[in-house]
Amino acid sequence: MISTRGLSYQYPGGPLLEFPDVEVAQGSVLILSGASGCGKSTWLALVAGLVAPTSGAVTVADQPLSALKNIATDAWRAKAIGFLPQKLHLSAALTVAQNLALAQWAAGHAENRQQIAEALEALGVGALASRHPSQLSGGQAQRVALARAVLLQPRVVLADEPTASLDDAAAADAVALLLATARRQQATLVIATHDARVAALLAATAAGDNGFQRLSLLAPVLLNA
Amino acid sequence: MKTLFFAWRYLWSRPLGAALNLLLLSLGLGSITFLLLVSYQLDHAFDRDLAGIDVVVGAKGSPMQLILAGVFHIDVPPGNVPLQAIRSLEQHPMVARIIPISLGDSVSGFRIVGTTLAYPAHYQAVLASGRMWDAPMQVVLGASVARTLGLGLGDTFAGSHGLGGGGHMHGDNRYRVVGILQAGGSVLDRLVLTDTASVWKVHEDHGAEDDGKDEPMDAEREITLALVQYRTPMAAMSFPRFVNTTTAMQAAAPALEISRLLRMLGLGTEVLRAFAGVLLLTAGLSVFIALWSAVRERRGDLALLRMLGAPPAKVAALLLWEAVWLGVLASMLGLLLGQAFAAALAWLLQLDHSLLIGGMVWPLELWSVPALALGVALLSALLPAFSAYRISVLELLQSR
Chain Z
0 MISTRGLSYQ
10 YPGGPLLEFP
20 DVEVAQGSVL
30 ILSGASGCGK
40 STWLALVAGL
50 VAPTSGAVTV
60 ADQPLSALKN
70 IATDAWRAKA
80 IGFLPQKLHL
90 SAALTVAQNL
100 ALAQWAAGHA
110 ENRQQIAEAL
120 EALGVGALAS
130 RHPSQLSGGQ
140 AQRVALARAV
150 LLQPRVVLAD
160 EPTASLDDAA
170 AADAVALLLA
180 TARRQQATLV
190 IATHDARVAA
200 LLAATAAGDN
210 GFQRLSLLAP
220 VLLNA
Chain U
0 MKTLFFAWRY
10 LWSRPLGAAL
20 NLLLLSLGLG
30 SITFLLLVSY
40 QLDHAFDRDL
50 AGIDVVVGAK
60 GSPMQLILAG
70 VFHIDVPPGN
80 VPLQAIRSLE
90 QHPMVARIIP
100 ISLGDSVSGF
110 RIVGTTLAYP
120 AHYQAVLASG
130 RMWDAPMQVV
140 LGASVARTLG
150 LGLGDTFAGS
160 HGLGGGGHMH
170 GDNRYRVVGI
180 LQAGGSVLDR
190 LVLTDTASVW
200 KVHEDHGAED
210 DGKDEPMDAE
220 REITLALVQY
230 RTPMAAMSFP
240 RFVNTTTAMQ
250 AAAPALEISR
260 LLRMLGLGTE
270 VLRAFAGVLL
280 LTAGLSVFIA
290 LWSAVRERRG
300 DLALLRMLGA
310 PPAKVAALLL
320 WEAVWLGVLA
330 SMLGLLLGQA
340 FAAALAWLLQ
350 LDHSLLIGGM
360 VWPLELWSVP
370 ALALGVALLS
380 ALLPAFSAYR
390 ISVLELLQSR
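One line per chain: the protein sequences are Z and U, in this order. Counting in numbering that gives the first Met the number 0, the first sequence runs from 0 upward without gaps. Counting in numbering that gives the first Met the number 0, the second sequence runs from 0 upward without gaps.
If you're looking for bench data, these hints aren't it; they were derived computationally from the structure. Quick caveat, the model's predicted, so the values are computed rather than measured. Ideal placement from N, C-alpha and C gives every residue a C-beta, glycine not left out. Just to be clear, a hint being listed does not mean it is correct.
Listed below are the simulated SDA-like cross-link pairs for lysine to any residue, each with C-alpha atoms no more than 25 Å apart in a straight line [what the hints assert, rightly or not]:
(1) 313(U) with 17(U)
(2) 313(U) with 51(Z)
(3) 59(U) with 313(U)
(4) 1(U) with 126(Z)
Derived, one-sided and incomplete: chain Z residues facing chain U with beta-carbon distance under 10 Å [what the hints assert, rightly or not]:
(5) 47
(6) 85
(7) 107
(8) 129
(9) 157
Sequences and hints are given; from them, build the entire structure.
Structure below.
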């Protein structure tokens with residue numbers, strides 16, 4: 000569940016970004032769309048508790064973020080948020096399984112090999128556990144990164160441009176995989192994208208379910224520019 | 000524990016760079032280890048061989064030469080002195096004990112030292128086998144002499160004239176080995192000890208046998224020098240002056256000469272130390288550059304760690320541990336290198352039969368090497384770690 004009220008963020012010496020209020024029920028899907036520069040990344044950062052809003056309030060997975068302080072925010076983010084970055088950022092120095100172990104380490108959890116094996120298995124990449132990221136295809140790497148995102152069973156999954164530079168078939172696969180994974184975990188899924196195909200794919204596959212909503216961000220209002 | 004593991008993996012994700020940094024650090028630390036070991040061993044050797052010898056009396060000449068020849072057996076003596084003159088010093092009220100030393104011959108480069116039983120007793124020498132000499136032409140071998148020459152009890156050998164090898168052989172007067180000393184780490188290890196009378200006997204070319212006419216012979220006899228122990232520390236003030244002004248001999252105080260020698264050596268060590276310092280500084284800079292570029296290169300990965308819930312301190316710690324790994328590995332390698340260099344030097348010196356440095360030692364000062372390694376590594380990691388600490392996740396999200 001994600002809800003925002005009167006959210007805005009002021010970049011030091013930069014534009015003031017104001018975000019429309021949004022209310023996303025637990026287990027449903029939000030598409031965050033808009034041209035680049037209109038604040039998709041900032042919105043993700045606000046929801047992940049990485050930056051504090053200039054004004055307004057965010058509640059994610061029943062947690063009002065204003066109540067959290069630094070270290071507590073890190074610990075909360077580890078538990079509540081799964082993140083699929085656009086560039087995946089799998090560490091080349093580590094094997095696939097170690098990349099997932101790195102997530103457990105970052106979250107301050109003890110290494111849990113069974114959890115890692117299960118997460119990889121669920122995404123059909125269990126056999127690749129001992130490979131290095133350089134030995135993976137693009138699709139395999141994305142699955143591994145998604146396995147890492149949902150490893151700690153987060154309530155919210157944030158996916159940043161998951162279909163960028165993918166062809167139509169691969170994009171459809173990626174969206175379907177995201178949906179299936181989020182549904183299995185009963186996690187709220189946020190897809191930040193400027194790719195129009197995502198909405199169309201969601202409309203086709205998610206019909207009859209909780210459905211999805213769209214949050215279209217507009218170019219920021221430049222004050223005193 | 001896991002942090003150590005991940006830091007290790009990250010360190011070796013760029014094997015060439017890591018190996019080069021390791022090499023640079025190890026070389027710097029190795030030179031420092033080497034310097035520490037050699038100066039420790041030298042000090043130790045000087046202290047050990049000098050212990051209890053207050054002054055050395057011998058022929059006029061360079062006082063340092065007298066000390067080096069008489070105490071450490073690494074230089075030729077300035078000349079001989081009449082036995083009578085030394086005998087008369089024995090009567091001096093400030094003198095507790097005199098050990099005569101007669102040099103002149105050697106066997107395969109090891110010096111044959113004519114002396115009295117007081118000499119091995121002074122260094123608390125212990126026999127490994129056999130017994131001490133009780134007649135001229137019987138010798139007791141130092142441990143490394145026996146080992147190097149392969150001589151055993153009952154073996155005989157001829158000395159050659161001069162302190163190096165290759166002099167005229169005294170073929171008609173053969174020495175017989177009656178005892179072998181345990182290795183004690185002192186100068187005795189590389190000496191062949193015998194009675195003073197042996198040296199006289201070998202050099203009395205005309206075959207003047209010791210036929211009971213001791214008194215007239217004594218007047219002509221010479222020894223090389225004498226090691227003197229004072230009865231009272233006060234003697235240090237007046238005894239050398241007494242010898243230098245009233246006799247044809249000179250008295251040299253080892254403590255004084257050795258501190259002069261060490262001061263001269265000190266300049267060389269300072270240069271080497273500065274060189275090691277520059278090496279270490281270079282290594283530190285190189286580690287800094289490597290870690291700094293690692294932070295730039297892995298900016299995204301590090302930011303992702305923050306996204307995955309790692310507090311900034313944890314991200315910075317990852318980098319610091321990487322540096323610690325380097326420091327630990329480098330100190331192990333550096334210590335090993337330094338010890339190997341010192342062992343090689345000891346081996347070379349031993350071939351030369353000069354100052355004995357050797358054996359693995361671990362002086363307390365050596366702990367400064369790992370401390371230095373960690374210090375340098377951590378110092379060079381400080382700025383990169385701080386930059387990792389400050390990494391903004393927003394940048395990761397915005398990098399398209």
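The hints, checked one at a time:
1. Taking the CA atoms of residue 313(U) and residue 17(U), the gap is near 22 Å; set against the 25 Å cutoff, the hint holds.
2. Pair hint residue 313(U) plus residue 51(Z) holds up; C-alpha atoms about 21 Å apart against a cutoff of 25 Å.
3. Pair hint residue 59(U) plus residue 313(U) does not hold up; C-alpha atoms about 72 Å apart against a cutoff of 25 Å.
4. Between the alpha carbons of residue 1(U) and residue 126(Z) the distance comes to roughly 24 Å, so the proposed pair stays at or under 25 Å and holds.
5. Look at residue 47(Z): its Cβ gets to within about 7 Å of chain U, closer than 10 Å, so that hint holds up.
6. Because the beta carbon of residue 85(Z) sits about 7 Å from the nearest beta carbon in chain U, less than 10 Å, this interface hint is met.
7. Proximity of residue 107(Z) to chain U holds as hinted, the smallest CB-CB distance being about 7 Å (cut-off 10 Å).
8. Taken as an interface hint, residue 129(Z) does not check out: its beta carbon lies about 14 Å from the nearest beta carbon of chain U, beyond 10 Å.
9. Below 10 Å, beta-carbon pairs count as interface contacts, and residue 157(Z) has one with chain U at about 9 Å; its hint therefore holds.
When the structure is compared with the earlier hints, violations turn up for hints 3 and 8 and for no others.
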